[in-house]
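Each protein sequence line maps, in turn, to chains A and B.
At the far end of the first sequence sits residue 624, using our numbering, and the numbering has no gaps.
At the far end of the second sequence sits residue 485, using our numbering, and the numbering has no gaps.
Everything labelled a hint here was simulated from the structure, so no lab data went into it.
Certain hints may be false.
What the hints assert, rightly or not - Straight-line alpha carbon distances no greater than 25 Å define the calculated SDA-like cross-link-like pairs of lysine to any residue that follow:
(1) B:Lys205 to A:Leu159
(2) B:Lys205 to A:Arg178
(3) A:Lys160 to B:Val162
(4) A:Lys505 to A:Thr476
(5) B:Lys205 to A:Asp132
(6) B:Lys206 to A:His277
(7) A:Lys207 to B:Glu454
(8) B:Lys205 to A:Lys505
(9) A:Lys207 to B:Ile203
All of these numbers come straight from a predicted model, not from anything done at the bench.
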Amino acid sequence: MNGASTAHTARGTLFPSALAVFLLVIVLGPAWTGDAQAASSASLTPHYLTPIAAKFSPDGARLYVVCEDDDSVLAVDVRTQKVEKRAKVGHKPKDLAVSPDGRTLYVSNEWSDTVSVIDAATFEVRKALATGWGPRGLTTDRLGKILYVANSIGNDVSVLDLATGQELKRLTALRSPHYVQLSRDGRRVYVSNILAHLESADESPVSELMVIDAQKQTVAERILIPGVLELRHIAEAPGPLGGYLLVPFMRPKNLNPLIQVDNGWILTHGVAIVHPARASGVVSSHSEVTEVLLDDIDRYYAGADGVAFTPDGRYALITHAEAATVSVIDTKLLAQRLRSVPAADLPNRLDTGRQIVVHRLPTQSNPTDVVVAPDGRGAYVVNRLDDSLSVIEVPGFHIRARIDLGGPKEISALRQGERLFHDAKFCFQGQFACVTCHPDNHIDGVAWNLETPQLGRDRVANRTLRGIADTAPFKWNGHNPDLETQCGPRIAKFLFHSEGFNAAQLADLVAFIKSIPLSPNRHLAADGQLTAAQERGRDIFYQKACDTCHPAATHYTAKTSFDVGTAAKYDTSGMLDVPQLDRIYEKPPYLHNGEARSLEEIWTIYNPTDKHGVTSDMSKEQLNDLVEFLKTL
Amino acid sequence: MRSAQQARWLLSMVGFLWFLPVACAQTPALYTKWENFTTANGMPDAKVFSVAVDGARVWAGTENGLVLIENSKVSKVYTTADGLPNRVVTGVAIDKKTGDLWLSTFGGLSQFSGGEFHNYDSLTTGLANNIVYGVAIQDEFVWVATTAGINRLNTRTGEWAIFSEKNAPMHEPWAYGIAVGDKKVYVAVWGGGVLEYDIAEGYWKPYTDPDGEMEIVLFKNQGLIHVIVSNISYNHDTKMFWASTYFGMSGYDGHNWYNYLSTDSGLASDFINATQTRGDDVWACTDKGLSYLNFKTNTWVTYRPNKDTGKGEIVITAADKKVTKVETATSLAHNYVLNMAFQGEDIWVATAAGLSHGIHESHKEGKSNEQARSSR
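All chains, full assembly: derive it from the sequences and hints.
Encoded structure:
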């Protein structure tokens, strides 16, 4: 518990500053209070870098690192292991691509809806290219003429002409497209999706890996990966190994009562092995998918995220962002394993990890990405919540060094809380962390048999953590009056099956969760003006008295429970906490058990007796308008 | 060597003779060779509602699934078991930019992308009604003709707009077909004529039968020939739309109307299910065969099978009303024609008894010409 003690130390050092501010307020009077508080807040909050992704320059001399909380990209000199360049980019940068000639960097800015174009030599930002909503993963084509950008909020892929900077087209992705990888032969672009298909709540999730024909820039195939969620990075094995892909995932048993965590096997973590179809084309493609788990029977490795092959393909490195570990897979052993065990059995076999993982290397907090140097003489791990890189000796596979990227040395309470949020060690056998089911502080898009031991009883959909600070009470039945209750003993007893967080840790964790902001609203015009349809929808919202339970003043939640007739057959109670409606468009599925796949279904299917507002007299046009207004909240 | 030269000379002469009538602007090139795809060779149903061409691929919407034809054979039939929302596929639109197919069905709208169906119905989305007759792509917008009005889906924002008798000049909400023009979108409305949507300005303009007489045309070329409009197409070359009605065919260039009845032209029937058009060519899909109009020369050609002989019959009606008939060994699968599509110089025709492929005779030699036409 190194982090916890650091947090207390940080508080201790900050206390005199807080006292000084307090005295200043008394001396200057109430008129200065606001500014003084703002100044205090700024001085008390260390400015972290939060590196999240990295890419090598083509010559391997530089490592470019994207820092999401610093809105910057860094250039690390691989020889000196020092940061030598820094460029400010847009808001919440998440990933980058390097042009094939190495002269240009492209950084995706998730909250600015842009890609920053940066001169790699001078590190000057040349311009920003407009993308879809929430740009995240990106890659150029082989000639550096086309840029593919995954839009995590828009659920599509922007195809940009880099000569003109214009968007040529958008291709439909699934949900929360995440990482984009150009195939080694340049013929395909692969796109992973964090969230799975919106299917019936009674079914296990099916995720999707999208394949784009890089010549036609059309969707060639959608590879279904059953039973898993949160497809992350993508790595392609060298040609001699068959050119298969490795795609890390989380495999939830969300239909089983989660209270069975102490039996193990509820949330497992692994990697999909995808053999893309050789023939391109819409119809004749039949890619093969096998899933293997990287956990051990009594120790889990949550948050499988970054992945990279050594140049010869002999080893693959996978980061476990919530276990502060890098697993090193011997691909020869992996091939043997695939030959010796039927593919249908592998997704549930917890003995694979010990067969194929030859090293488990400890990293710093929250390793989200790993890259291997082009010459194969080292691997670099991005420690997101440590503002550092871990350098791994290859092929010796030991941690050789830690590169400090220059973030603050002190660990604030918020930072400590964020680390706890991303740490699976508080769960029985390390099966999951808070973030495992709340990727990007949001939702995993599936419904869980969360607390009751009976199969199928009181199943509830995951709720977002974005912007929830002032939305108490919590939990779908509203039984938790505050986040301390929600995240404290309850989590320990029902979810983690461990001692959980101590009081100081809980305070830090809650502080962090309360600090999670809402993302910008993409459906509301910058000047706040509503469209005609949104205005009509607003009128309906108030005519139908929706604001009775969803008042605007309190994030569109009355902060209490009502029975709106949506209880399922095996639910204990029909009284359900009124959810806040902020950024409601980001949160499907809807209703407490995730039965409604869209906002429309709330009223077209799940309000047969008009208990959830008198809506049966609404026309289809009115419902569409209402939905358009709800998206602006 | 000498024989090869002779063969080449002979081929070029054949080609010259073939195009000679066209050059003389009297008789258009005729489709004398047909191959048919029916339930006997892989089609899942006799009735084919729609057909669309994507390069070498041909997609057909039938009463029992979506069919892909490649290399002159049915290569795949998609059914509800594959994710299709309904067995009845009334329309197929290809988004040339993304490669995705958009399907109108009797179970809603469907996007076929990368081998997977993503479906939109009236319970889960803003779609007005699940009975969908037509679909068309306008940049990032998908236009949908339903029995409860016209829908427009913004694929980037997810916004659904509905245009019906409540907010558009429609007598009836029953929309049958949609065509995207250069700056406008045209909708065929059953009983409501043609609706024109100005994309930039966002307003609707109706075209209805000016004489108001259901069965009579009082003045030729006065306006839309009839308000029961079954489908519509747009000619990007001539900037005209062509409306098919159950009482004749109308073309409009923004200033003048051009109306055709079977009684005063070579049109096979006034009962027309659809039109397709490009260049000087206008094709009318009727209940009595497939009619072709060369708009420039006013020459008509009608294709239909002869029920008595089992052979094909081509009826050529010149501008001076002179009629010439040609018998062919092969023909359309059926004389009830629902729609058609172009594939280079070839045509594909949806009929009540299968899908017919009209093969242009100089198919091999006219490769560059074919590519030029395909690119339109």
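Going down the list of hints, with the structure as the test:
Distance restraint check for Lys205 (chain B) and Leu159 (chain A): the Cα-Cα separation of roughly 12 Å lies within the 25 Å cut-off, and the hinted pair is therefore satisfied. Among the hinted pairs, Lys205 (chain B) with Arg178 (chain A) is consistent with the structure: their alpha-carbon atoms are about 19 Å apart, no more than 25 Å. Of the pairs offered as hints, the one joining Lys160 (chain A) and Val162 (chain B) holds, with about 21 Å between alpha carbons and a cut-off of 25 Å not exceeded. Between Lys505 (chain A) and Thr476 (chain A) the CA atoms are separated by roughly 14 Å; this keeps the pair inside 25 Å, and the hint holds.
Only pairs whose Cα atoms come within 25 Å are accepted, and Lys205 (chain B) paired with Asp132 (chain A) is accepted, the gap being roughly 20 Å. Only pairs whose Cα atoms come within 25 Å are accepted, and Lys206 (chain B) paired with His277 (chain A) is accepted, the gap being roughly 23 Å. Taking the CA atoms of Lys207 (chain A) and Glu454 (chain B), the gap is near 23 Å; set against the 25 Å cutoff, the hint holds. Restraint check for Lys205 (chain B) and Lys505 (chain A): the C-alpha separation of about 46 Å exceeds 25 Å, so the hint is violated.
A threshold of 25 Å between alpha carbons decides the hint, and for Lys207 (chain A) with Ile203 (chain B) the separation of about 14 Å falls inside it, so the pair holds.
Comparing the model with each numbered hint stated earlier shows that hint 8 is the single one that does not hold.
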